[in-house]
Structures are given as structure tokens and as C-alpha cells.
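Turn these sequences into a full structure, and let the hints guide you.
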Amino acid sequence: MNTFTTSGSFAANDPTQPDDIQQKDVWLSPNPATDHLLVHIPKYTGKINLHVYDYAGNLMISSTGENTQQYRIDVSKLKTGMYVLRVVYGNGNDISLTWLKE
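Residues in the sequence shown are numbered consecutively from 1, following my numbering.
Everything labelled a hint here was simulated from the structure, so no lab data went into it. Heads up, some of the hints might be wrong.
Below, computed lysine-lysine pairings styled on DSSO-like, alpha-carbon distance capped at 27 Å [as the list claims (entries may be wrong)]: (1) 24 <-> 47; (2) 43 <-> 24; (3) 77 <-> 47.
Structure below.
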């Protein structure tokens, strides 16, 4: 499992990875979250960018990771409320998921 840093590079699409991940292929736990959020992406192990936005659209956390099917994001400093996680992979493809911070 990777623990994210706030580095910001994004790599080109890895031809060994699927070009399209379905929203059903990505899930979050625990939801609601208190101190961390696990992002599960079992069908993709290439480079990804993860962005957490509050419901007003403000970017709160931006992280990168690669070569794993589970990512851990520290959300302990976020206020209670609804957030959107945007997962960007491949050549800019993305999936957005809503989750609750307690």
C-alpha cells in the first residue's frame, strides 16, 4: 500500500494497463472516514493522481501514486463534510467518487 506525498508529476499511459476503468472498479473505505481513506483500484496498477475536493470545489489534497492496487490518503485534517475524490489515470481519464468525512 502506498502512502501519498504531495509530489505532482503525471506519466503517460502505460500500454499494459486498461485504458478505461469503470466506476464500479474503484471503491473507498471506510466511508464515512475519520483519519484516513483507502482507495481500492484492483484492475489498475499504473500511475495515478488523486485529488480531494470539498463540495465548494476547492482542492484540498492532491497526491500521486503508482504500482499498487490500494492507496491511503490522510484525511485527518479535513473538516467534517462531503468531499469528492477525483482519480486521474492513463491519458487523463478520470473517475469521481463522493465520500463523507466524520
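Do the hints match the structure? See the list:
no. : hint      : result
1   : 24 <-> 47 : holds (19 Å)
2   : 43 <-> 24 : holds (11 Å)
3   : 77 <-> 47 : holds (25 Å)
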